[in-house]
Structure formats: C-alpha cells, structure tokens
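There are 8 protein chains.
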Amino acid sequence: MEFIVYLAGQIHDDWRDKLIELVKARELPFTFVSPQTNHDRSDNIGEDILGNQPSNLYKDDAASSINNFRTEVLLQKADIVIALFGDQYRQWNTAMDVSTAISMNKPTIIIRPESLIHPLKELSNKANVTVDTVEQALDVLAYIFE
Amino acid sequence: MEFIVYLAGQIHDDWRDKLIELVKARELPFTFVSPQTNHDRSDNIGEDILGNQPSNLYKDDAASSINNFRTEVLLQKADIVIALFGDQYRQWNTAMDVSTAISMNKPTIIIRPESLIHPLKELSNKANVTVDTVEQALDVLAYIFE
Amino acid sequence: MEFIVYLAGQIHDDWRDKLIELVKARELPFTFVSPQTNHDRSDNIGEDILGNQPSNLYKDDAASSINNFRTEVLLQKADIVIALFGDQYRQWNTAMDVSTAISMNKPTIIIRPESLIHPLKELSNKANVTVDTVEQALDVLAYIFE
Amino acid sequence: MEFIVYLAGQIHDDWRDKLIELVKARELPFTFVSPQTNHDRSDNIGEDILGNQPSNLYKDDAASSINNFRTEVLLQKADIVIALFGDQYRQWNTAMDVSTAISMNKPTIIIRPESLIHPLKELSNKANVTVDTVEQALDVLAYIFE
Amino acid sequence: MEFIVYLAGQIHDDWRDKLIELVKARELPFTFVSPQTNHDRSDNIGEDILGNQPSNLYKDDAASSINNFRTEVLLQKADIVIALFGDQYRQWNTAMDVSTAISMNKPTIIIRPESLIHPLKELSNKANVTVDTVEQALDVLAYIFE
Amino acid sequence: MEFIVYLAGQIHDDWRDKLIELVKARELPFTFVSPQTNHDRSDNIGEDILGNQPSNLYKDDAASSINNFRTEVLLQKADIVIALFGDQYRQWNTAMDVSTAISMNKPTIIIRPESLIHPLKELSNKANVTVDTVEQALDVLAYIFE
Amino acid sequence: MEFIVYLAGQIHDDWRDKLIELVKARELPFTFVSPQTNHDRSDNIGEDILGNQPSNLYKDDAASSINNFRTEVLLQKADIVIALFGDQYRQWNTAMDVSTAISMNKPTIIIRPESLIHPLKELSNKANVTVDTVEQALDVLAYIFE
Amino acid sequence: MEFIVYLAGQIHDDWRDKLIELVKARELPFTFVSPQTNHDRSDNIGEDILGNQPSNLYKDDAASSINNFRTEVLLQKADIVIALFGDQYRQWNTAMDVSTAISMNKPTIIIRPESLIHPLKELSNKANVTVDTVEQALDVLAYIFE
Numbered sequence: 054m055e056f057i058v059y060l061a062g063q064i065h066d067d068w069r070d071k072l073i074e075l076v077k078a079r080e081l082p083f084t085f086v087s088p089q090t091n092h093d094r095s096d097n098i099g100e101d102i103l104g105n106q107p108s109n110l111y112k113d114d115a116a117s118s119i120n121n122f123r124t125e126v127l128l129q130k131a132d133i134v135i136a137l138f139g140d141q142y143r144q145w146n147t148a149m150d151v152s153t154a155i156s157m158n159k160p161t162i163i164i165r166p167e168s169l170i171h172p173l174k175e176l177s178n179k180a181n182v183t184v185d186t187v188e189q190a191l192d193v194l195a196y197i198f199e
Numbered sequence: 054m055e056f057i058v059y060l061a062g063q064i065h066d067d068w069r070d071k072l073i074e075l076v077k078a079r080e081l082p083f084t085f086v087s088p089q090t091n092h093d094r095s096d097n098i099g100e101d102i103l104g105n106q107p108s109n110l111y112k113d114d115a116a117s118s119i120n121n122f123r124t125e126v127l128l129q130k131a132d133i134v135i136a137l138f139g140d141q142y143r144q145w146n147t148a149m150d151v152s153t154a155i156s157m158n159k160p161t162i163i164i165r166p167e168s169l170i171h172p173l174k175e176l177s178n179k180a181n182v183t184v185d186t187v188e189q190a191l192d193v194l195a196y197i198f199e
Numbered sequence: 054m055e056f057i058v059y060l061a062g063q064i065h066d067d068w069r070d071k072l073i074e075l076v077k078a079r080e081l082p083f084t085f086v087s088p089q090t091n092h093d094r095s096d097n098i099g100e101d102i103l104g105n106q107p108s109n110l111y112k113d114d115a116a117s118s119i120n121n122f123r124t125e126v127l128l129q130k131a132d133i134v135i136a137l138f139g140d141q142y143r144q145w146n147t148a149m150d151v152s153t154a155i156s157m158n159k160p161t162i163i164i165r166p167e168s169l170i171h172p173l174k175e176l177s178n179k180a181n182v183t184v185d186t187v188e189q190a191l192d193v194l195a196y197i198f199e
Numbered sequence: 054m055e056f057i058v059y060l061a062g063q064i065h066d067d068w069r070d071k072l073i074e075l076v077k078a079r080e081l082p083f084t085f086v087s088p089q090t091n092h093d094r095s096d097n098i099g100e101d102i103l104g105n106q107p108s109n110l111y112k113d114d115a116a117s118s119i120n121n122f123r124t125e126v127l128l129q130k131a132d133i134v135i136a137l138f139g140d141q142y143r144q145w146n147t148a149m150d151v152s153t154a155i156s157m158n159k160p161t162i163i164i165r166p167e168s169l170i171h172p173l174k175e176l177s178n179k180a181n182v183t184v185d186t187v188e189q190a191l192d193v194l195a196y197i198f199e
Numbered sequence: 054m055e056f057i058v059y060l061a062g063q064i065h066d067d068w069r070d071k072l073i074e075l076v077k078a079r080e081l082p083f084t085f086v087s088p089q090t091n092h093d094r095s096d097n098i099g100e101d102i103l104g105n106q107p108s109n110l111y112k113d114d115a116a117s118s119i120n121n122f123r124t125e126v127l128l129q130k131a132d133i134v135i136a137l138f139g140d141q142y143r144q145w146n147t148a149m150d151v152s153t154a155i156s157m158n159k160p161t162i163i164i165r166p167e168s169l170i171h172p173l174k175e176l177s178n179k180a181n182v183t184v185d186t187v188e189q190a191l192d193v194l195a196y197i198f199e
Numbered sequence: 054m055e056f057i058v059y060l061a062g063q064i065h066d067d068w069r070d071k072l073i074e075l076v077k078a079r080e081l082p083f084t085f086v087s088p089q090t091n092h093d094r095s096d097n098i099g100e101d102i103l104g105n106q107p108s109n110l111y112k113d114d115a116a117s118s119i120n121n122f123r124t125e126v127l128l129q130k131a132d133i134v135i136a137l138f139g140d141q142y143r144q145w146n147t148a149m150d151v152s153t154a155i156s157m158n159k160p161t162i163i164i165r166p167e168s169l170i171h172p173l174k175e176l177s178n179k180a181n182v183t184v185d186t187v188e189q190a191l192d193v194l195a196y197i198f199e
Numbered sequence: 054m055e056f057i058v059y060l061a062g063q064i065h066d067d068w069r070d071k072l073i074e075l076v077k078a079r080e081l082p083f084t085f086v087s088p089q090t091n092h093d094r095s096d097n098i099g100e101d102i103l104g105n106q107p108s109n110l111y112k113d114d115a116a117s118s119i120n121n122f123r124t125e126v127l128l129q130k131a132d133i134v135i136a137l138f139g140d141q142y143r144q145w146n147t148a149m150d151v152s153t154a155i156s157m158n159k160p161t162i163i164i165r166p167e168s169l170i171h172p173l174k175e176l177s178n179k180a181n182v183t184v185d186t187v188e189q190a191l192d193v194l195a196y197i198f199e
Numbered sequence: 054m055e056f057i058v059y060l061a062g063q064i065h066d067d068w069r070d071k072l073i074e075l076v077k078a079r080e081l082p083f084t085f086v087s088p089q090t091n092h093d094r095s096d097n098i099g100e101d102i103l104g105n106q107p108s109n110l111y112k113d114d115a116a117s118s119i120n121n122f123r124t125e126v127l128l129q130k131a132d133i134v135i136a137l138f139g140d141q142y143r144q145w146n147t148a149m150d151v152s153t154a155i156s157m158n159k160p161t162i163i164i165r166p167e168s169l170i171h172p173l174k175e176l177s178n179k180a181n182v183t184v185d186t187v188e189q190a191l192d193v194l195a196y197i198f199e
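Residue numbers (our numbering), protein chains in the order written: chain R, 54 to 199; chain F, 54 to 199; chain H, 54 to 199; chain G, 54 to 199; chain P, 54 to 199; chain A, 54 to 199; chain W, 54 to 199; chain U, 54 to 199.
It is worth saying that the hints were derived from the structure and are not from the lab.
Hints may be right or wrong, so weigh each one.
[Claimed, not checked] Simulated pairs of lysine-lysine, PhoX-like, Cα-Cα distance not exceeding 20 Å: (1) A/K130 with H/K130; (2) F/K130 with H/K71; (3) U/K130 with W/K130; (4) W/K77 with R/K130; (5) G/K130 with U/K71; (6) W/K130 with G/K130; (7) P/K71 with F/K130; (8) A/K130 with F/K130; (9) H/K130 with P/K130; (10) U/K130 with R/K130; (11) P/K130 with A/K71; (12) R/K130 with G/K130.
[As the list claims (entries may be wrong)] Stretch-level coverage of chain A by chain P, calculated; a stretch enters the list once three of its residues show a Cβ under 8 Å from a Cβ in chain P: (13) 63 to 77; (14) 120 to 130.
[Unchecked claim] Not close to chain A: a few residues of chain F, all C-beta gaps over 10 Å, as computed: (15) M54; (16) H65; (17) D67; (18) K71; (19) E74; (20) N91; (21) D96; (22) D101; (23) N105; (24) P107; (25) S108.
Each residue gets a CB set at the ideal place from its N, CA and C atoms; glycine is no exception.
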C-alpha cells in the first residue's frame, strides 16, 4: 500500500526537501507532490504559456488558472495533505488548498509556528492534526504504519 | 423565491450594514446571515461557554470550534456567499469560508481592494465573480432578478 | 407542492412567454426562471458592472462569469430543466446548461426542431425526454399531475 | 504516478496525434483516450450493432447511446480532460463532454481558435484553462511535472 | 414538519387510496405522490405526446422516457418511499424505483405478500422495513410522530 | 429562518424537555425531533407492528429496523444534531447517530459528563463542539443568532 | 488500462462463460466478476454460515444479507455492468443490481429477449444501452477500444 | 483483484492475528489494516508527538486527533470493514468507525458475542452482515471468491 501526500504551503524555504529526506531515511512508502515551488515561475506561468496580458490583473488571472489546474490534478490524486504556514506571507492559497482538501475528505495536517496559533485557529480546528514542526508531521505520518 | 446570502469576511467595518441597506432600498428578496462580527465575543466564545482554558492555544481552539459550528450551520442554509477581504488582516478563516463554499458548489462573489489582487489570485480564479466594491457585488446579486 | 423550472436555451424569440402563458391557462403550480434573455445586456453585463475591459476576450470573460453566477444560483433552485435549441446559433452555453443539469440529476426536457436531430443526438440521449414543440414540453410537465 | 487524459472534441483533423507525438517527445507519463474519431463509424455504430432502425431519428438514438456508453466509461477513468473546438461544426457533444467533465470535477483545458472566443465564453469561464493551440495545452500538461 | 411519501408499485388495485384514507383518519402530516396509476395512459403516454412510433419497441421507449421523467421529479421531492409488490406482475420498474430510492438514501418501506418473500429477499434486505400489509406500513409511518 | 435539531442519545431522564423549555424561554426558532424515548415501546416496536418473532434476536432486528427508519427520516430533516451520553448505558446507537450525522455534514454537539471524556475522545474530536451540560449546548445554539 | 465488468442477472444458463470466451478470443482487457451463480449455494449461504434459521423468512434474510454484501463489494470495484434478463424468472435482484449500478453512475448494458421489451421498458430507458444478444453486448464492449 | 479490509474494534485480544492466519491458510487476496492495537501507545500518541498537555482532557484530545487521522487514511483505502465488539469495553470509537464506514458505503461485517445482540441491534441492522465468530466473518469474506 502506497500513499500520495500533497505538500501545500510555503515555498520560500526547503521544508519539503527536509521532510522527504526524513521519510526516505525511515523507508516509509510515501510519494510526495506539491505546487510549483519556484515563485517567479508560478507568478509568470500565465504569460509564459499564453503570452503577454494587458495588465497585472490579467497576468495574475492567467497564472492562477494554470496553478489551480495543477493543484486540482495533484490534490485529487493525494491520499493525505500536509500544509505548512510560514510567518511572513498571507498565503491565502495555502488556506484555500487546506480547506478544499478538508472538503474533499482528505486527511490533513497543518504545520505552523506558535505565532500563527491565533489567526489560524478556525482552520486548525477543521484539520485533523496541527503540529509545530516538520518532524512532528513526519511522526504523524509514520504512525499510520505502526 | 427567496435567497439566503452568507456574508463572510472582514468584521472591522460596517460593509454588511451598507450592503443590507442597499438591498432593502432596491426591495430585493435576500436574507443575510454572517459570522459573529463582534471580534471580542468571537475570540472569547470558547471560554464564555466552556469556562477558562489552560492557555491561549486551548482558548483559541475552544472558540474556533464554536465559531466553526455557527459558520457550518449558516453556510449550509446559504444559497450564495459573498466574502469581503480587507487590507489589514490575514483573514485565513475568510479564505477558508470561501473555499468551503466553493467546494459545496455555493455560487460565490469576492470583494477585495486592488492591493489584494495578487495575493488573492488563486482564490479569485476559483470564485464565480470578483469585484472591487460592495456596490458591484450588489449589482451582481440584482442581476439574478433582471 | 410547487416546482421550479429553469428555461435554458434560445433567447431570440418568445418561447418562454408562450410556455408560461400555457401553464397559467392550465393553472399548473410551476414557477419559471431563466437566463438573461436580453442579448445585449447579457453580452455587456461584465463591463456594465466591472467597467471597461482591455479587449473583447476580457469583456467576454467578465460577462460570462456573471452570467454563470446567475445560472448557477437559479439552476440549483430548479426542480426541472427545459432547454430549447433553435436553428440558428451555436448555443454552446445551452448545451452546457443541459449537461450540467443532467449531471446534477435535474430531470431535463429538450425541445429542438427536426433539423437538429443529428447534431444533438448525444445530448438528447442523455436528457430524460426530447420533444419537437413547446406544447409537447408542456404536456410532459402536465403529466406530473395526472 | 500516471495520468489518463480524455481528448474530447473535433474529429476532423489529426490534433490528437500531434499532441500525443509531442507528449512522447517530452517523455511525459500521460495515457490518452478519446471518442470514436472515425465519423462514419460513430454515426453508424447503432445500426452496425443493433441492426437497421426505422428512420434517421432512431438510427441516431441507437448510435448516440453507444457513443455515450463509450464516453462515460473513458471519462470516468480520466484524470484530466482536454477539448478542442474547431471552426466548422456545432459540436454540441463536445460542449456536453466538457460540461460533464467539469461537473465531475475533472480538471479541464479547452483549446479553441480566436473566432470562437465569444460563443464559447461561458464554457471557457467554467473550464480551468482555455488556450489557443495544442502546444499551449501541452505546456499546461507539462507544468504538472515541473 | 411535513413529509412527502412516494407510493411506488402495483397500480392494479386501490391500495394507495386505502392508505391515504387511513392517514387522513389519523390526521398525520403526510403528502402522497405516485406514478401514473392509469395503466393504459402509462403505456400510451409516449405516443399521446410525441405521436405514432414505428413499432412497439419505440412506443415503449417513448412512454418509458416520460414515465421516468415523472418518477424522477417526484422521487426527488419525496422524504420517504413505500412500495407495494403484488402477486401477479413482474413489476421491474417497482424494483427499479425502490433501488433508486435506496441509493438516494430515501428511507424505504416494502409491502409484499408472503408468497413473494423469496424472490424479493435481496431487495427486502436493503430496504429499511418490509411489511405484509398496508396497515403495517401505516403503523411504521405513524411511529415517526410518537 | 428556522432550524430543526435532532436530539440523539440518552432516553432515561428528561434532558430533552429541559432543553426545549430553555429554548422556549429564550424564544429561539428551533424545532426539536428525537428518537422514540419510551424505552419499552422502542424495544417492542418490531413485534408491536410485525407480530411475534421467533426469538430475541429477531425481535431486536425487527425493532431496530423500524427505529432506524424513524431516525433516518428525522435525521435527514435535521439541520443540527445534539447528542447526550449518560453515565450508565453503552448507547452504541447514540454513537451511531452522531457518526452518521457527522458523515452527513450535520453540525453536531456532544453533551457528556466528565467521566466519559476518555471513552468518547475520538467521537468528541470529530464532533464540532463537546460540552458538559445542557445549558452549555443551549448557549452554543443561541450563539447562531447573536 | 484494464476494466472490471460485473455480470448481473440470470444464473440458469452459461451466458457468462460464453461472453468470457468471446472476450478472450478477441484479447480484450476485461476482467469479469459476478454474483454467486450456484442457485442452491446462493439460497443456502445464510444457513451455511450462520446455522439454522427459524423459518424460510429468516433463512432468506440471512442469505440475502451475505449475497448483498458480495454484490456490493464487487459492484463498487466494477467499471461497467452488464445484466442479462431471461424469460422465466422474476429476477428482482437483477433489476435491483441494474438500478443500483445506474445510481452509482456505472455505465450499464442490458441484454434481454424481445418478449421482455415491454415489462423492462423503464429500466431499459435508464440503462446506457439495451441489446438482444450476448454478442451485441460484446460488440458494445469492444467499441471502447476502437 | 485485491481487497483491502479494515479491522475495526477490540484491541485486547489477538482476533486480528487469528483472522489473518486463516486468510493466509486459504490463500485469499486480502490485505488487512487496522487501528493502533497497542492501547498505551494509542492513549499516549498525542503527548508522544506534541508533548505534555495541561490535563487528561487535552491529552485525550491530542491523542484522538492523531488516531482519527490514522483511521481516516486507512478507512478511505479500505474496500471492506470488519468490526469486532468484545464483552468488556464501551468501544464507542468502534461504533463510530462502523457507522462512518456504512455512511461511506463500505460493505461492513460486525462480529459480536450473543450477549451484545440487544445493545448493538440498531448498528447490526445497518451493517451488511452480523456474525458471532471470526470464522464466520472469514466465511463471508471467502464467499466473494466462490
């Protein structure tokens, strides 16, 4: 039995690589997928494929339609969703991905720093599990196989 | 035929009252519901009902469970969702409400200032309509009856 | 017991008025809703509400988002869908409305002239009933109460 | 991870072969399925299997029931739908396939020439992404693996 | 609180009238709907509305499409389904209505004579309650209000 | 706007009457429904309607089919579920009703004494809100209207 | 791509073996599953596993619960359903399996002799395709791969 | 064709090992998954991963969120659910797992001693099959392949 895990959220550090390393070290049967983590590519993908748009509004709309396409394809394949919220950005699409996953009955783990306990409280309450660190998220994943 | 509209989002100004006024003036058959708009009551509702909690983490969890209960009851009754994002707060529960509504196939309108076009692009792309002002949202509502 | 009927399709003649007249004459408990039947208003609604768009592509996208919002609101309220295809236009949004209605398990009647039997064959096969005239559609509606 | 892509739409040119070539060249893990692309066989399949029918109406109904059976089997297996609308035909079953796919939450790409922007506007607005060329559709597919 | 009850099954005696009488006598808040109980009208409705068909096969298909339309409209409104199987006919559409109702999570009661225990065993096992008489079905309905 | 509340759980004291009294005093627009609260009638309903059964196993099966019918009818009408677990009984059907309600996305409140915190922990975690007293459950209900 | 086909219906001749032979001869990638085709074993399975029951009613209920369990497991795995109705029996569980499959959106083929056109008309109208012979059903299956 | 079976229920004896042994002996293609069967680990998993909690209430909530995460992941993968209720514990989470499985349309077998016939009657009535022993459950599983 194999599980596909969608790694939503922050794209400005290497938390995904870290988690994947740890999972490999423990030889757990998880496959990971994620959104585009190259921020510039993600912002420009609309114009990269469809050509110049008349303004930032339309550039953003074109990019988001392709990002949403990608997310929807991968999220539907996923058995589990893990989302990491970082300190700095608004990350509304992370909140969107988590909420969508929960509505699709995908078991979901949120990773967030203590500073975000309050603003994330309603979302945390809806997710299955909320943890502080990547290591704890891994422990929850690994618990499936004990 | 009557429609129930859930007004998600910002609770720090009177945009809901403004919209309701405008709808009354046009005599349109909409009933409006919304989250708790008293910020302190919303933050304290867990302790108000369940008593003191051991720390802010648990206070927030208690409050959010009751806020989510309320939202879920009202969202399921709603035919339409309108969400206003303001400039200042992270409003992840607004993003959560919008995403949940879209997953429930509730027709959804987002209202947001120009400054939020970029961070909200993926969510806007998933909503039915995104507008800049409360008046425009009203025009979209009114269009149903033309 | 009351039934709401969504009247999809052609907006270039008065078939809706004709059907509604006939229903009134028979005193049947149906309420009718429909898309925007003013063609110009339907094409311009995006710019009418959101202001000028940079080109026809964006004007069309803005209009369609609001037309789709309206359709979605009314289709979800509907117990039954009737769609009339006329001889002249491509009417892909009529095909879209019918298919969406069928996917939502809304009992559906198609009205189409003989000339369209062939190009509409797959859609007709999926709808509950296909008829040639408005009067026949009315007979099917009335049969519910016999 | 493998993805199945249903290629709906125009059957009068070789756009499917072209797309499949390009995907092979890039070694992307997609499997493609499609409707019957032999137009005559598609029109005659009812009589080919069930024998002569009393008139074209019944011939078309017999054929469409078997075409719809095939489409339904393959569409349910598909992870992604791409639909190409050409300039010449009414292609209402293409519009039907796209709408059905969207109702089934299949991520969907529409390919259409500029001349069809206006008549397809509501359908484009509901699909995830609309592009002008087969190459652009391929770029969107490939983006899933970046 | 009112409940709508769909009365599926045998149309060759007056069991529906009998049940409705008994419900009125007890002043219970149920509204009853049912299929066309005039057998000839049910068999001829296709030709009555659509005109002569080339053979019995097509006459039956035309009639059944309109009967299925009616059933689907009324079944979707129903809160409860009661189906009576009689001794004499094959009544496959009764079995179809019951199975469809169960798949739609409509609470379902089957009424059948002892002689049908064996051939109906799988269907009885899936329904909520199976009884021998109309009076017992009424007792089950009435139990909701105790 | 009116809400229907299903009151699941313990039938050996008058907690339902108490809650209904309190709601009336506050003039809140809730209608309450519940399982059969007469324990003997609930145990005997199968034999009361269907006649003697060959042993307790069959008596219980007959009763439970009718109790489940009633619950299913009322639960589907309910907007909200409140379940009270008491100290003494196993109440597996209460656990069943709560789990079913949660699976149907009915917003759910559990009332349980402190002594049951541990054995009910997984169920409490899935419900929206868990409280200790009927008064607290009422406060949660009333919060919807603030 | 492999497809699983559930073969519902008549168990008193060897139509399943015949179909499976033909499929093998054409080297088509279908796997077939079916109900218990040993009539006695199917009737006795309840008592075979659970021991003697107090009467035929209970024997039938025990058997049907295990037959339904088997059908449900295999039907959920199936991509396609083919059901053959024979001349002689009432076969209400065949009608049940077909209706359940249709409600689960499983593409469905009915095979029936001409003598059953009339009594099966509503069910035929709901299935995707109705044919007269096993060979025709095979042709429909094979059409998926053309 | 392989089937995944979730083994819910009692964790204080070795019934799972016994069942798995018997299945291996018969060379049946079932894969088994189950909840955490180490009772202490299950009770402590919240604190083991998230650290000390302020009281037993919070310790239990933390543990249950991770246990529910595990159950949800595995239950969604399962084709079949078997639940064993033992004599001694309240096992409300077993009742919860069974009810959730039934709501998810997972074919379900309950194993329970005679002493539990009465308190489990509503749940038994909703499950597909109820048996007394592990061997009988195995016979029901094996029947799928006859």
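Checked hints:
no., hint, result
1, A/K130 with H/K130, "holds, 18 Å"
2, F/K130 with H/K71, "violated, 34 Å"
3, U/K130 with W/K130, "holds, 13 Å"
4, W/K77 with R/K130, "violated, 32 Å"
5, G/K130 with U/K71, "violated, 37 Å"
6, W/K130 with G/K130, "holds, 13 Å"
7, P/K71 with F/K130, "violated, 37 Å"
8, A/K130 with F/K130, "holds, 13 Å"
9, H/K130 with P/K130, "holds, 13 Å"
10, U/K130 with R/K130, "holds, 13 Å"
11, P/K130 with A/K71, "violated, 34 Å"
12, R/K130 with G/K130, "holds, 13 Å"
13, 63 to 77, "violated (count 0)"
14, 120 to 130, "holds (count 8)"
15, M54, "holds, 15 Å"
16, H65, "holds, 17 Å"
17, D67, "holds, 17 Å"
18, K71, "holds, 20 Å"
19, E74, "holds, 20 Å"
20, N91, "violated, 8 Å"
21, D96, "holds, 13 Å"
22, D101, "violated, 8 Å"
23, N105, "holds, 14 Å"
24, P107, "holds, 15 Å"
25, S108, "holds, 19 Å"
Of the numbered hints stated above, those contradicted by the structure are hints 2, 4, 5, 7, 11, 13, 20, 22, listed in ascending order.
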